[in-house]
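This is what each chain is made of:
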Amino acid sequence: MDRRALLKTLLQELKDGVIVCDPEAKIILFNPAAEDLLSRHQSLSCGKSLYDLCCRPPVEHALNLLAFQLDTKSRSKPLPVVQFVNTSLSQEQFFRCRISFLPPLNAAKKSFVIIFEDISAWYSPDNPLFMKIEEFRAPMTNLRAAVENLTEYPEMSPVMRSAFENVLVQESLNLTGAYDSLARSCNVLLQTQNHLTELNTEVLFGYVAHHLRTRKIAVTASPKRSITVKVDIYGLLLLLDYLVGRINKMLQKKNKTGLTCEAHIADNFIYFDLIWPGKYLASGAVGAMQEEKLEQSLGGMTVSSILHAMDGDIWSQQHDNSQSVLRLVLPVSTKAGQ
Amino acid sequence: MAKYVLIVDDAPNIVLSLEFLMKKEGYEVYSVSNGEEAMEAIAAKTPDLILLDVMMPRKDGYEVCQELRANQDWNDIKIIMLTAKGRDVEREKGLALGADDYVTKPFATQELVRKVKTLLGENY
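So the protein lines, in turn, are chains H and C.
Residues in the first sequence are numbered from 152 upward in steps of one, following the working numbering.
Residues in the second sequence are numbered from 5 upward in steps of one, following the working numbering.
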C-alpha cells in the first residue's frame with residue numbers, strides 16, 4: 152500500500168484532532184477531527200495562527216520545555232512529547248494536548264505537531280473526584296467508631312447506647328449521599344486518564360531553575376540522583392511565579408531581599424524550597440494563599456486545585472535560625488516504581 | 005493523677021466516640037470544636053495530649069500545631085492529628101509542622117487508644 156495514502160487515511164480516521172504548525176505556530180496541516188473539535192467559534196484553515204483557536208501560554212511553555220530538553224542534552228532520554236491541558240479561547244472546552252517537534256530537531260526554528268483530545272466532559276479544574284472521595288472519610292470514621300464502641304463495651308449505659316445508635320442512623324444517611332454523588336461523577340470519569348507529564352527531576356529542576364532565573368531567583372538543585380515526577384508544567388510554573396511574587400512583596404515591605412530556591416529529592420517526595428531571611432508564614436496565611444485564583448490559569452484554578460491535580464501541597468516552616476522556607480512538595484511518580 | 009486529654013474536633017459524632025473512649029481509659033477529658041477554643045483551653049490548662057482534627061473553622065489544626073510548637077511552654081504536649089485528608093503529602097505536612105503522630109480517617113478506635121497510650125508513656 153502507498154505509504155502516503157496510508158498515513159493520510161490514519162490521520163483522517165483519528166478521533167483526536169491533529170494539527171501541524173510551522174515554527175511561528177501557523178497551521179500547515181490538520182485532520183477532520185481537529186476541525187470538528189476546534190472550529191466551533193473560529194474556522195480552522197491553513198495559514199491561521201494556532202493561537203486563534205486555543206490558549207497560547209500553555210503551548211509556549213510546552214514548546215519551551217521541549218526545546219530546553221533538547222538544548223541541555225539531558226543524560227536521560229528526552230521525552231518525545233509533552234502533555235498538558237489547554238482550553239479553547241472561550242474557555243468552554245478543555246483539551247488534553249500532546250505536543251512534539253518535527254524533524255530536523257537541530258533546526259534553529261522547529262515545526263511541531265499538536266494533538267487535541269476533548270476532555271471537557273470530565274475535566275474540572277476543581278478536581279471534584281478527589282473531593283468526593285474525601286467526603287467518605289468523616290462519616291466512615293464516625294460510623295466505625297460508634298460500631299466499635301457498641302461492640303467493645305456492651306455494658307454501656309442505655310443513654311450512651313441510644314446516642315451511638317443515633318450516630319449509626321445519621322452517618323448511614325451521610326454515607327449513602329456521598330456514595331450517590333460519587334457514583335454520578337464516576338459515570339463520566341471512568342474514561343479519565345491523567346493529563347500530567349512525566350518528567351525526570353534532572354529535566355524538571357533544570358527547567359524550573361531556568362524559569363526562575365528570569366525572575367532573578369537563584370536556584371540550587373540536588374544533583375544526587377534523578378527520579379520521575381508527574382507534573383502539570385504550566386500550572387507548576389504559574390504556582391512558583393505566584394509564590395515568588397507573594398514572598399518578594401512581603402520582603403519588600405520589610406526592606407529585605409534574598410529569596411532563593413532549593414530543589415531537592417526526599418524518599419517519596421520532591422521539594423521546591425523558597426527560602427528567605429525572616430519569620431515563617433503562619434499556616435493560616437498559607438491556607439489563604441491556597442484559595443487564591445491564579446490570573447493566567449486555565450478555568451480559574453486556585454493554588455490549591457493546581458496542587459491537588461499534582462497531589463502536592465505547600466507549607467511554611469523555620470529553615471534555620473535566621474531563615475524560613477515555603478516548601479512546595481510533589482510526590483514521586485509511583486508508576487516509575489521508585 | 006489522671007492524664008488530661010484535650011479533644012479538638014468540630015464533628016459531634018466523632019467527639020462523642022473519642023470522649024467515651026478516653027474516659028473509658030481513665031483520662032480526664034475536655035472537648036472543644038475549633039482552633040481558637042483549643043488555644044483558650046490550652047492556656048487555661050495544659051493538656052498532656054491533644055487529639056487534633058485538621059479541618060476546622062476558626063483556625064485549623066495545622067495552625068494550632070504550629071502555634072503550640074512555637075511556644076516552649078507547650079513543647080511537651082503530645083499531639084495526634086486526626087484528619088479526613090488521606091494523601092501522603094498531608095501526613096508529611098502534619099509531622100513537619102510539629103505533630104507527634106498522624107491518623108487518617110477512618111481509623112480503628114483501639115489503634116488510636118494504643119497510639120495515645122504509647123505517646124503518654126503508658127504500657128498497652
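Hint data in this document are derived by calculation from the structure and do not stem from the laboratory.
These numbers were taken from a predicted model, which means no experiment stands behind them.
For every residue, glycine included, the Cβ atom is placed at its ideal position computed from N, Cα and C.
A portion of the hints provided could be inaccurate.
The list that follows gives simulated cross-link-like pairs (lysine to aspartate or glutamate, EDC-like), each with its CA atoms no further than 16 Å apart [stated by the list, open to error]:
id: 1; chain 1: H; residue 1: K400; chain 2: H; residue 2: D462
id: 2; chain 1: C; residue 1: K28; chain 2: H; residue 2: D418
id: 3; chain 1: H; residue 1: K375; chain 2: H; residue 2: D418
id: 4; chain 1: C; residue 1: K89; chain 2: C; residue 2: E71
id: 5; chain 1: H; residue 1: K261; chain 2: H; residue 2: D331
id: 6; chain 1: C; residue 1: K49; chain 2: C; residue 2: D77
id: 7; chain 1: C; residue 1: K27; chain 2: H; residue 2: E303
id: 8; chain 1: C; residue 1: K63; chain 2: C; residue 2: E29
id: 9; chain 1: C; residue 1: K7; chain 2: C; residue 2: E32
id: 10; chain 1: C; residue 1: K49; chain 2: C; residue 2: D64
id: 11; chain 1: C; residue 1: K27; chain 2: H; residue 2: E186
id: 12; chain 1: C; residue 1: K28; chain 2: C; residue 2: E126
id: 13; chain 1: C; residue 1: K89; chain 2: H; residue 2: D173
id: 14; chain 1: H; residue 1: K177; chain 2: H; residue 2: D203
id: 15; chain 1: C; residue 1: K89; chain 2: H; residue 2: E286
id: 16; chain 1: H; residue 1: K430; chain 2: H; residue 2: D471
id: 17; chain 1: C; residue 1: K28; chain 2: H; residue 2: E243
id: 18; chain 1: H; residue 1: K430; chain 2: C; residue 2: E71
id: 19; chain 1: H; residue 1: K199; chain 2: H; residue 2: D222
id: 20; chain 1: C; residue 1: K121; chain 2: C; residue 2: E29
id: 21; chain 1: C; residue 1: K28; chain 2: H; residue 2: E306
id: 22; chain 1: C; residue 1: K119; chain 2: C; residue 2: D104
id: 23; chain 1: H; residue 1: K283; chain 2: H; residue 2: D331
id: 24; chain 1: C; residue 1: K89; chain 2: H; residue 2: E306
id: 25; chain 1: H; residue 1: K260; chain 2: H; residue 2: D222
id: 26; chain 1: C; residue 1: K63; chain 2: C; residue 2: D77
id: 27; chain 1: C; residue 1: K63; chain 2: C; residue 2: E32
So these bits of chain C aren't anywhere near chain H, every CB distance computed over 10 Å [as the list claims (entries may be wrong)]:
id: 28; residue: N38
id: 29; residue: E67
id: 30; residue: I81
id: 31; residue: T122
message: Flag every earlier hint the structure violates by its number, smallest first.
response: 1, 2, 4, 5, 8, 10, 11, 13, 17, 19, 24, 26, 27, 29
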